[in-house]
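Participant: Listed in order, the protein sequences are those of chains V and D.
Residue numbers for the first sequence, in the numbering used here: 1 to 96.
Residue numbers for the second sequence, in the numbering used here: 1 to 96.
Any given hint could be a false lead.
Identical copies look the same in the list; a pair holds intra-copy or inter-copy alike.
As the list claims (entries may be wrong) - Pairs of lysine-lysine residues, derived as DSBU-like cross-links and limited to a Cα-Cα distance of at most 30 Å, are as follows:
#	residue 1	residue 2
1	74	96
2	13	85
3	13	74
Just so you know, these hints were derived from the structure itself, not from any lab.
No experiment lies behind these values; they were computed from the predicted model shown.
Protein chains: 2
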Amino acid sequence: QNVILINPFEVPKGQEAEAIVYWEAARDFLQQQPGYVSTELHQSIQPNARFHLINIAEWENIETFKAATSKMRKELTQKRIEGMKFYPALYDIIRK
Amino acid sequence: QNVILINPFEVPKGQEAEAIVYWEAARDFLQQQPGYVSTELHQSIQPNARFHLINIAEWENIETFKAATSKMRKELTQKRIEGMKFYPALYDIIRK
């Protein structure tokens, strides 16, 4: 069973474009790693949303996800965006 | 084009089961309203996740979503769960 990563981003005003570029670099790295299934970046329609961006990705399992993000932290150097906050966690669907 | 509701829930420790019952009552109401497409309740695998539950739903458009939630606030009486916080917003997918 695949696991689902949901990662809400708090993005400071004026940093929206940089945040998308940041996400794109991470996607380009992660989609080459074993266990990657898919990813979708969601952007809020309303300008005052707490989370301007939310990434939702699927991975084959927890182990491949953890290995890929650990590798990314070592190998992908990106300039941190001041004030940007992330709340990544792994989820299962429990109700429909 | 459908719109996507993403609603992260902060759930106080010990209130996880009550939060799911709360969500189920809202789902039962909303899925009978015009414009409803689908919903999926996600539960975090890790116990220390900031958002224990995240609801992801699709609606046909903003107007039907707003009409349905407005109707729910008037007609569906539920006991508030102390300390539970919601961050609902509407999203489009902008990157894959």
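Participant: Are the hints correct? Go through all of them and say.
Facilitator: Hints, one by one, checked against the model:
When the C-alpha separation of residue 74 and residue 96 is checked against a cutoff of 30 Å, the pair qualifies only between copies, where the shortest distance is 24 Å, while the shortest distance within a copy is 38 Å. Taking identical chains as interchangeable, the C-alpha atoms of residue 13 and residue 85 lie at most 30 Å apart whether they share a chain (13 Å) or sit on different chains (23 Å). In this homomeric assembly, residue 13 and residue 74 come within 30 Å of each other (Cα to Cα) only inside a single copy, at 29 Å, whereas the closest approach across copies is 34 Å.
Violated hints for the displayed structure: none, as all numbered hints are satisfied.
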